[in-house]
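S.K.: From first to last, the protein sequence lines stand for chains A and B. Residue numbering for the first sequence follows the numbering used here, beginning at 1 and increasing consecutively. Residue numbering for the second sequence follows the numbering used here, beginning at 1 and increasing consecutively.
I should point out that these hints are in silico values taken from the structure, not numbers from a laboratory. Hints may be right or wrong, so weigh each one.
[Unchecked claim] Using 30 angstroms as the maximum straight-line C-alpha spacing, the simulated DSBU-like pairs for lysine-lysine come out as follows: (1) A/Lys290 with B/Lys130; (2) A/Lys58 with A/Lys396; (3) B/Lys129 with B/Lys207; (4) B/Lys143 with B/Lys130; (5) B/Lys238 with B/Lys106; (6) A/Lys50 with A/Lys493; (7) B/Lys21 with A/Lys396; (8) A/Lys323 with B/Lys143; (9) B/Lys295 with A/Lys323; (10) B/Lys207 with A/Lys489.
[Claimed, not checked] In silico negatives: residues of chain A with every beta carbon more than 12 angstroms from chain B: (11) Glu221; (12) Asp305; (13) His412; (14) Ala464; (15) Lys493; (16) Glu524.
Think of the CB as a built atom: it goes at the ideal place given N, C-alpha and C, for glycine as much as any other residue.
Listed below, chain by chain, are the residues.
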Amino acid sequence: MAVMVGKGAMTNSIEELAGTDLLLVAGSNTTEAHPVIAIRMKRAVRNGAKLIVIDPRKTELATLATRHLQIKIGTDIPLFNAFAHVMIKENLYDREYVESRTEGFDELAKHVEFYTPEYAAEICGVPAEEIIAAAREYAAASGKAAICYTLGITEHSCGSHNVQSVANLGMLGGNFGKPNAGVNPLRGQNNVQGASDSGALPTDLPGYQKIESPGVREKFEKAWGSELPKRRGITKITAMDQMLRGRVRGVYIMGENTVISDPNTNHAQAALEATDFIVVQDIFMTDTAKLADVVLPAASFAESDGTFANSERRVQRVRPAIKPVGESRPDVDILLDLMSRFNVPQDLHSASDVWDEMRKLSPLFGGITYDRLDAESGIQWPCPTEDHPGTQYLHKDQMDSGMPGYFAPVDHIPPAEPTDAEYPLVLTTGRRRSTYHTGTQTGRASGFDLLVPSELAEINPFDAEQLELTEGQMVRVSSRRGTVKVPIKVTDKSPHGTVFMSFAFPELTQTNRLTSDAYDFITETPEFKACAIRIDKIESSSHEAD
Amino acid sequence: MSLKPAPLTKLISMTTQVKNKLNVVINGIEVSCDTDSRVLDAIRSAGFDVPTLCYDERSGPQGTCRMCLVDVEVDGQTQQVAACTAFSSDKMAIDTHSDSITQYRKTILELLLSETSSPANCPKCISFKKCELHTAAEEYGAKWDAFPSLIPREVPQDDNPFIQRDSDYCISCFRCTNICNDWEQAGAITVEGRGQNSSIASYFNNKLLESPCTFCGQCINTCPTGALTDRKIVGTTKAENLERTKTICPYCGVGCGIHLLTEDGKLKGTEPDFDAPSRGSLCVKGQFASWEFVKSEERLKYPLIKENGAFRRASWDEALDLITDRFTGIRDESGPDSLVCWSSARSVTEANYLMQKFARIGIGTNNIDNCSRT
Chain A
1 MAVMVGKGAM TNSIEELAGT DLLLVAGSNT TEAHPVIAIR MKRAVRNGAK LIVIDPRKTE
61 LATLATRHLQ IKIGTDIPLF NAFAHVMIKE NLYDREYVES RTEGFDELAK HVEFYTPEYA
121 AEICGVPAEE IIAAAREYAA ASGKAAICYT LGITEHSCGS HNVQSVANLG MLGGNFGKPN
181 AGVNPLRGQN NVQGASDSGA LPTDLPGYQK IESPGVREKF EKAWGSELPK RRGITKITAM
241 DQMLRGRVRG VYIMGENTVI SDPNTNHAQA ALEATDFIVV QDIFMTDTAK LADVVLPAAS
301 FAESDGTFAN SERRVQRVRP AIKPVGESRP DVDILLDLMS RFNVPQDLHS ASDVWDEMRK
361 LSPLFGGITY DRLDAESGIQ WPCPTEDHPG TQYLHKDQMD SGMPGYFAPV DHIPPAEPTD
421 AEYPLVLTTG RRRSTYHTGT QTGRASGFDL LVPSELAEIN PFDAEQLELT EGQMVRVSSR
481 RGTVKVPIKV TDKSPHGTVF MSFAFPELTQ TNRLTSDAYD FITETPEFKA CAIRIDKIES
541 SSHEAD
Chain B
1 MSLKPAPLTK LISMTTQVKN KLNVVINGIE VSCDTDSRVL DAIRSAGFDV PTLCYDERSG
61 PQGTCRMCLV DVEVDGQTQQ VAACTAFSSD KMAIDTHSDS ITQYRKTILE LLLSETSSPA
121 NCPKCISFKK CELHTAAEEY GAKWDAFPSL IPREVPQDDN PFIQRDSDYC ISCFRCTNIC
181 NDWEQAGAIT VEGRGQNSSI ASYFNNKLLE SPCTFCGQCI NTCPTGALTD RKIVGTTKAE
241 NLERTKTICP YCGVGCGIHL LTEDGKLKGT EPDFDAPSRG SLCVKGQFAS WEFVKSEERL
301 KYPLIKENGA FRRASWDEAL DLITDRFTGI RDESGPDSLV CWSSARSVTE ANYLMQKFAR
361 IGIGTNNIDN CSRT
């Protein structure tokens with residue numbers, strides 16, 4: 001999305017969702033993954049808003065929807081292109097907005113001519129009439145329709161094209177730069193926004209300033225008193241490949257359980273094992289930390305000072321409630337110490353010093369100070385100056401990029417690994433409300449085993465019957481990359497041919513041993529949402545030799 | 001947990017239209033307020049307050065507890081209205097604490113208290129902070145035993161590990177059922193029975209674990225008495241020793257505001273932060289799983305260095321020196337791009353900033369990434 005309109009972040013605010021006329025939720029199991037955002041969505045529905053849910057699974061939100069388009073996994077682009085087709089053909093798009101704020105409309109119109117609802121219906125597996133009706137509803141709410149999406153859109157090998165096809169709709173409907181509208185990626189982790197904001201990206205310095213843009217490197221070189229590397233860096237995915245080739249020899253991992261959370265566990269583990277030296281800084285001895293040469297004990301959020309940035313670009317203060325346990329130290333403290341050993345010239349002593357250096361180098365957060373954060377319960381960027389109130393929604397008078405919004409004609413790309421006779425089912429992974437990610441935190445909270453006791457492979461009743469599987473039965477799930485054991489849950493939440501699992505119980509079931517290492521060729525986001533698997537019964541009489 | 005007098009207009013302010021104002025007089029002080037504001041908003045914006053035992057601004061007014069009744073004079077006529085439901089009108093004069101209203105509130109409180117166990121044993125007052133019922137009772141001098149007691153009541157046991165229900169402190173204000181059905185729209189609890197036999201129950205008297213309850217904990221946090229409390233905390237803390245630290249939930253990207261509860265420097269639990277933009281919302285993870293992991297015995301407590309395949313305890317200097325030696329060694333042999341740093345979406349922005357700065361000028365590579373792609 002950053003390519004088309006500026007920044008890749010929620011354009012609007014969470015609270016605004018409650019006041020929208022129409023919500024189009026694509027690839028987001030909001031009630032489970034973002035329960036507190038789902039409350040705002042439910043309120044919108046109660047206030048009379050239409051809710052269109054696009055999801056291969058019959059999620060809880062889908063049961064509340066005005067319309068649930070239960071598309072086949074990985075067929076978002078033909079669906080959204082067909083939406084655009086209908087809006088353009090029936091002249092339902094916001095013509096004035098498109099003319100004044102965007103470029104590339106003619107190319108898009110020509111491109112989507114081919115994507116008739118009938119053609120899309122064939123690919124997506126939903127009736128053409130449903131597609132037409134949904135497109136009309138979305139168009140009718142022009143300027144007051146909010147699109148929300150999550151990893152069901154991005155975690156595909158065509159993820160960035162998926163996002164672009166969503167953003168096309170945002171522009172056709174004139175929904176960028178209006179309250180209660182916009183195009184809103186809901187971010188997964190507490191500070192995933194802040195991590196990117198801070199410049200922990202191979203191409204960007206803090207505040208999304210591109211290393212390769214004129215003048216940027218020089219500005220930071222001057223401020224930091226040191227020369228900066230010119231060549232852009234490599235992503236995690238590329239780094240893992242280069243580890244296997246011996247080109248990357250050392251890695252420093254802060255607060256991430258890479259082995260469990262990354263796709264194709266066996267590959268990730270082999271990559272890390274191929275390096276000469278691994279540092280892991282974490283709060284627990286995770287499976288990743290076990291591979292390290294040096295493990296540094298970090299303080300948890302409850303022992304740290306600093307900020308998190310949430311999904312709506314709001315910077316909020318994190319404050320220590322207790323002293324770090326044992327000899328553990330806050331991440332900021334550890335890194336300041338390490339940097340002094342590398343002779344980094346700086347005079348920083350606290351999280352507050354660090355924030356001040358960062359904001360002074362980044363116009364995006366220039367006006368956000370700790371004093372203001374204490375007084376104002378968080379501030380949403382962009383906030384360039386100290387008298388700027390922060391930004392409730394982006395693109396108000398013009399696109400944030402300062403340029404027109406560019407339409408992106410994109411084509412359907414099916415998931416990288418199709419099913420076949422040997423691996424006839426699709427595995428899609430995701431989250432459950434009462435477990436979180438790799439389970440290092442929720443796995444240690446008492447009582448949570450009563451809510452979800454273990455990993456479960458959710459399978460459609462029809463498939464279960466075909467495979468002669470019953471509720472709770474232990475099975476072996478295999479892909480081309482690995483095998484795990486897991487009990488079955490029979491549910492019509494999973495569509496025919498599709499199995500759902502999370503990855504929160506790594507002790508018994510390491511789901512990512514199965515997932516594919518296909519990834520999006522622009523963002524290098526892995527395709528967690530689709531890989532081919534098979535399910536085999538474990539005969540109770542036989543002994544498992546593993 | 002008292003709800004801050006957050007204005008009903010918080011949501012409305014998201015829209016851009018300019019509103020007309022009207023003037024009302026509260027206890028002799030004139031204030032200006034929006035035409036669509038309730039009497040309660042006007043009272044609180046003037047710096048006064050009245051007890052509100054059934055009101056939660058998120059699920060809206062219901063006017064059942066009658067504690068917020070005030071004297072209102074319009075066109076020379078005095079009448080009593082419930083401040084939470086009545087709208088303000090221009091030139092309205094409001095008396096929040098007339099003698100008759102004060103006496104009336106005291107009587108209501110004594111009737112409510114007759115439905116409850118002794119204030120001395122209130123779980124919320126003992127373990128968290130003085131509950132709203134007992135705060136009001138103290139303020140109005142209402143006695144617990146002024147009327148014949150209606151307890152104990154017969155209620156089914158519910159042994160879930162999260163929500164403690166003590167019906168002998170329930171005053172049937174229905175805040176919990178409203179927040180569950182109207183705000184969360186979880187539909188887990190309802191009012192069973194009629195009149196004095198009414199009680200809060202999950203549908204068909206199921207246990208909460210067998211109901212649609214998601215254990216978001218909002219019922220606990222809106223309950224004005226000790227009827228609903230956080231079972232993980234209740235009984236483990238003393239209200240007068242508790243300290244609260246305002247911070248942010250460590251789970252998802254919504255970034256809900258929380259307070260961490262501590263006693264003598266020890267972590268005891270979590271409560272939602274009603275002043276944060278999340279307006280007190282939490283999910284089961286934020287409410288019930290955001291602090292125990294911090295205290296886990298499995299936390300890493302000192303640096304470790306691997307030798308011959310096994311970890312041994314090391315000092316910080318030893319560990320950081322080893323990293324410095326090995327990283328500079330690899331850099332000198334294979335160049336800075338043979339090293340990579342992976343930053344954390346779980347850690348504070350400041351640490352992420354330092355990590356990228358370390359990679360770029362400490363090591364000399366742009367090989368810095370975080371997990372925003374996974």
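S.K.: Among all the numbered hints in the text so far, which are the ones the structure does not match?
M.R.: Violated hints (numbers, rising): 1, 2, 8, 11, 12 and 16; every other hint is consistent with the structure.
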